[in-house]
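There are 2 protein chains.
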Amino acid sequence: MSGGINLAVIGATGAVGQEMLKILAERNFPLKNLLVAADPRETGQKLKFKDQELTVQTASPEFFAQADVALFAVESNISRNLAPVAMENKCLVIDNSNAFRMEEKVPLVVPEVNPEDIKLHQGLIASPNCSTIIMAVAINPIHQAAGIERIVVSTYQAVSGAGAAGIDELTEAVAAYQGGSNIEPIIFQHPIAFNVIPHIDVFEANDYTREEMKMVFETRKIMHADEMRIAATAVRVPVYRSHSEAISIETRIPITPEEARNILQNAPGIVVLDQPGENKYPMPLFTADSDDVFVGRIRKDISVDNGIVLWVAADQVRKGAATNTIQIAEYVVSHNLF
Amino acid sequence: MSGGINLAVIGATGAVGQEMLKILAERNFPLKNLLVAADPRETGQKLKFKDQELTVQTASPEFFAQADVALFAVESNISRNLAPVAMENKCLVIDNSNAFRMEEKVPLVVPEVNPEDIKLHQGLIASPNCSTIIMAVAINPIHQAAGIERIVVSTYQAVSGAGAAGIDELTEAVAAYQGGSNIEPIIFQHPIAFNVIPHIDVFEANDYTREEMKMVFETRKIMHADEMRIAATAVRVPVYRSHSEAISIETRIPITPEEARNILQNAPGIVVLDQPGENKYPMPLFTADSDDVFVGRIRKDISVDNGIVLWVAADQVRKGAATNTIQIAEYVVSHNLF
Numbered sequence: 001m002s003g004g005i006n007l008a009v010i011g012a013t014g015a016v017g018q019e020m021l022k023i024l025a026e027r028n029f030p031l032k033n034l035l036v037a038a039d040p041r042e043t044g045q046k047l048k049f050k051d052q053e054l055t056v057q058t059a060s061p062e063f064f065a066q067a068d069v070a071l072f073a074v075e076s077n078i079s080r081n082l083a084p085v086a087m088e089n090k091c092l093v094i095d096n097s098n099a100f101r102m103e104e105k106v107p108l109v110v111p112e113v114n115p116e117d118i119k120l121h122q123g124l125i126a127s128p129n130c131s132t133i134i135m136a137v138a139i140n141p142i143h144q145a146a147g148i149e150r151i152v153v154s155t156y157q158a159v160s161g162a163g164a165a166g167i168d169e170l171t172e173a174v175a176a177y178q179g180g181s182n183i184e185p186i187i188f189q190h191p192i193a194f195n196v197i198p199h200i201d202v203f204e205a206n207d208y209t210r211e212e213m214k215m216v217f218e219t220r221k222i223m224h225a226d227e228m229r230i231a232a233t234a235v236r237v238p239v240y241r242s243h244s245e246a247i248s249i250e251t252r253i254p255i256t257p258e259e260a261r262n263i264l265q266n267a268p269g270i271v272v273l274d275q276p277g278e279n280k281y282p283m284p285l286f287t288a289d290s291d292d293v294f295v296g297r298i299r300k301d302i303s304v305d306n307g308i309v310l311w312v313a314a315d316q317v318r319k320g321a322a323t324n325t326i327q328i329a330e331y332v333v334s335h336n337l338f
Numbered sequence: 001m002s003g004g005i006n007l008a009v010i011g012a013t014g015a016v017g018q019e020m021l022k023i024l025a026e027r028n029f030p031l032k033n034l035l036v037a038a039d040p041r042e043t044g045q046k047l048k049f050k051d052q053e054l055t056v057q058t059a060s061p062e063f064f065a066q067a068d069v070a071l072f073a074v075e076s077n078i079s080r081n082l083a084p085v086a087m088e089n090k091c092l093v094i095d096n097s098n099a100f101r102m103e104e105k106v107p108l109v110v111p112e113v114n115p116e117d118i119k120l121h122q123g124l125i126a127s128p129n130c131s132t133i134i135m136a137v138a139i140n141p142i143h144q145a146a147g148i149e150r151i152v153v154s155t156y157q158a159v160s161g162a163g164a165a166g167i168d169e170l171t172e173a174v175a176a177y178q179g180g181s182n183i184e185p186i187i188f189q190h191p192i193a194f195n196v197i198p199h200i201d202v203f204e205a206n207d208y209t210r211e212e213m214k215m216v217f218e219t220r221k222i223m224h225a226d227e228m229r230i231a232a233t234a235v236r237v238p239v240y241r242s243h244s245e246a247i248s249i250e251t252r253i254p255i256t257p258e259e260a261r262n263i264l265q266n267a268p269g270i271v272v273l274d275q276p277g278e279n280k281y282p283m284p285l286f287t288a289d290s291d292d293v294f295v296g297r298i299r300k301d302i303s304v305d306n307g308i309v310l311w312v313a314a315d316q317v318r319k320g321a322a323t324n325t326i327q328i329a330e331y332v333v334s335h336n337l338f
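Residue numbers (the working numbering), protein chains in the order written: chain A, 1 to 338; chain B, 1 to 338.
One chain only, chain A, in its complex shape (with noise of 0.2 Å):
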């Protein structure tokens, strides 16, 4: 493993932790060392990385002083507390949570839209919001072509979003259902088993929730677009894995749905799957496990003069999560930028 970089990977026993090793391992990420911490409580613990088996250490500083760079897959308290820990002993952080994303001195990055930012770190780069990441790599070439002055978005977004906590309560709710019973919910506010909840996260003073505002102010901090105008409307639905989006997009140039399939298809990250008539489009089900935003549905939107609808499915825990925040890893290792 020689040429690679001391990588620590903080949460490592978490659902997006977990991912983020199963994807290490995928895509040979350039390794001389590879570190796992989680929480205290977990340490002493093994966990598989190819053939080896890595202890699960607690993320001290004696801990970072051994990183070059740490994964952080942590609830943003922690990421809040840990962070200076890693800064103070040279180890550059990838934040995953909602800690320091909107910090004006911490690049928010998703490496299809604006890679250079990374460049302009001061030991810690954050990684965006799921639902963010998604709607960005999706329309940002479009941006580029077209200059997007408006964004409409409703979600559907699995529970996967809210960890492996999620999961086991959709599972169970199901269940219940099945037995002509209901669970009581903890995870999500009200039953998820056949069921659509349009409130996720906490609810803000404009009553949007603050899952709809991330993708508002994150959106124009990545696309360097502070004018663009965004309103979400985010919704919890009763699906494993991957969200959906239904994006309608006001461009400043008219562009026609020829034009903009032609520049989805060429661009980073996505994948065109437009054949209606095939009824072919993408679909939570079948995006699970993949690292690619699929784009399809793709139509002029009828009720404005230059307007695009795009209908995206993409894997929140890898591209929405744990891949993205790989990228970043692999671009500050390839410009050696730790």
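Read the hints as simulated data drawn from the structure, not as lab findings.
Given the structure is predicted, the values throughout are model-derived calculations rather than measurements.
There may be inaccurate statements among the hints.
[Said to hold, decoys possible] Computed footprint of chain A on chain B, listed as stretches where at least three residues anywhere in the stretch have a Cβ under 8 Å from a Cβ of chain A:
| no. | region |
| --- | --- |
| 1 | 18-31 |
| 2 | 220-232 |
| 3 | 270-280 |
| 4 | 300-311 |
| 5 | 315-321 |
[Stated by the list, open to error] Here are the simulated SDA-like pairs of lysine to any residue, each with C-alpha atoms no more than 25 Å apart in a straight line:
| no. | chain 1 | residue 1 | chain 2 | residue 2 |
| --- | --- | --- | --- | --- |
| 6 | A | Lys280 | B | Val216 |
| 7 | A | Lys300 | B | Asn206 |
| 8 | B | Lys280 | A | Ala162 |
No residue lacks a Cβ here, since even glycine has one placed at the ideal position from N, Cα and C.
Following the hints, complete the assembly by docking chain B onto the known chain A.
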């Protein structure tokens, strides 16, 4: 039952027909006689209505001659065949199918929106598509107050929109998934368990589905708003009953969320459920078996100057079909229009 009319229900054994019988009993519809017809293979079958037993008949000229009004709950092609037979026998048709909705001489009616159009009938009145009815009830009060210029809507539609077979297919698909396999979909284009499918009805030349275009053309006709610009994305979700819709509205005159909330609270057929701080908003699981359209998440569309966003859910078998048809019949009876 004196003072009532002779009413026929065509398609009385189907999902919507059965719901019609239930609602006619609940609302104590003014009946002289209730006649029921269905597929000729079901002739002679017995159906319960209040304390009576009704015998399924064949929809012949003699059958229609005994009825003042017939509620049609059958497929479009059957409506096309039987409606002329009813009309020739002086039986007013109230049709729930897509067969006649856009014909110029046929009033297309949501009683909360355009009841006066019932008076213009020439023997046939059409009830709109389920998603359209639900949206029209929710947005009409805002249109009256502020003039709607544009709508972007994304739907979350229940499997019962595809009838009893759609319900069965979801149940079977979920069971198969739990057993680690998949069923071959018949009603839907793809597996519906733990998936969402952006495809309802057939695709039109403009790459919108017919379901999506119904929401455009029917809404304009019901609301007498030929200039209203509408774009829809219609999506099937693994929910048994009640459709949900995320609706973004642009108005000619500015309207605040508070004004919209007040107007909607006082509008017919609407229940405003909008206390996000208490996790109260419409959801399909809790709106089934109601005749009301539930509206919540009322907020400013932050992506446009004069915009309002709504989240709506309603039982599409009832208000979206059976109830709407019966409300039209009630108006016909109370205004002596048969």
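To test your reading of the hints: which numbers does this structure violate?
Hints 1 and 5 contradicted; others consistent.
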